[in-house]
Amino acid sequence: MTRLSLIVPYSLNDAQIERTLLSLLENRPSGVEILLPHDGRYADPYRLGGDEIVLIECDRGTSVVGLINQAIHASCSPVLQILLPGTTLRQVDFDAVIEHFDDQTLAAASPVMHVGPNICFGIDPHHLPKKTIHHLPDSLQSIPMLDGGCYRRRTLLSLGGFFDRGSVEVAELDFCLAARTLGLRSDLIPDCEIDAPVEGHGKRPHPYTVGHLMGELTVAYSRLDSSDIETESIITSVGRIAGGLMHPSAIAQRLGWTLGLRDRSLEAQIRHRIEKAIGNMHPLNRSQTDHKLPNYRMAA
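Numbering (my numbering), first residue to last: 730 to 1029.
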């Protein structure tokens, strides 16, 4: 029986893909499958498909998030872990990962991520725009980033997969906001340590585009009934831009965020997404979503 599915979405950097696959194949125990969704451009030079990994061919041009979503639907396990190309295992007890999810209230869990000299523990759901947690107090709940993140498959299917607008960062923020809105519980798995590449995971959208989408998402979630998510004022946001003049990419993302907070074009889509998730998780409570979105801890 397959207990855990490891998802490695394809990127055009074959060296990064091979680094990750080698790390997994050297450490994989029984009951763990490796899925590699790709857009038709992976040549499988070592003929790993079929025996060692499951290749999932998707349409040309599918985004990284889209590849992950298709692998979620194709997986055979109740628990999933995502590893972006170039990420390797430092110390992972896969049995400990699976045992964490014996708690049926747990929706997701974060590994300990090493990025150069920094150690990250996930996303802080109470500070926006998205910020990673470098020092984790015992009382603080972290939401996993996509890279290394462990998820209950049923939870992701209830949400219809990750929010796909072509950006990993946007998908991460959406899951963070959705988990906070739905009261889903997340945890840290100290027995799971990974190394993420300092150089990143290939080509990324322009920082302004990412920031704008983050702002749109955040204001959409903040306008849900019973939401406790608050957005900063335009004055505060502009002040933060002025404080980041030494970092052009940070300025671009913050500018996008500031303007995105004024854009409500995602509001209907996000409301439908959350209402559908509530209906999928608790079919008998579907009628509650007609009037008010409950903000309570839900089973994953």
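No lab work stands behind these hints: they were computed from the structure. The reader is advised that the hints may include incorrect statements.
Quick list of simulated restraints, FRET-style, between CB atoms [said to hold, decoys possible]:
| id | residue 1 | residue 2 | range |
| --- | --- | --- | --- |
| 1 | Ser956 | Leu777 | 25 to 35 Å |
| 2 | Glu1004 | Gly790 | 40 to 50 Å |
| 3 | Asp954 | Asn1009 | 31 to 41 Å |
| 4 | Leu784 | Leu988 | 33 to 43 Å |
| 5 | Val927 | Gly769 | 22 to 32 Å |
| 6 | Leu751 | Arg991 | 44 to 54 Å |
All C-beta atoms, glycine included, are put in the ideal place defined by N, C-alpha and C.
Going through the hints against the structure:
1. Ser956 / Leu777: 25 to 35 Å: violated (45 Å)
2. Glu1004 / Gly790: 40 to 50 Å: For Glu1004 and Gly790 the Cβ distance comes to about 30 Å; the hint is violated.
3. Asp954 / Asn1009: 31 to 41 Å: violated (18 Å)
4. Leu784 / Leu988: 33 to 43 Å: Distance hint for Leu784, Leu988 holds at roughly 41 Å.
5. Val927 / Gly769: 22 to 32 Å: For Gly769 against Val927, whose Cβ atoms are near 29 Å apart, the range 22 to 32 Å holds.
6. Leu751 / Arg991: 44 to 54 Å: Since the Cβ atoms of Leu751 and Arg991 sit about 47 Å apart, the hinted range of 44 to 54 Å holds.
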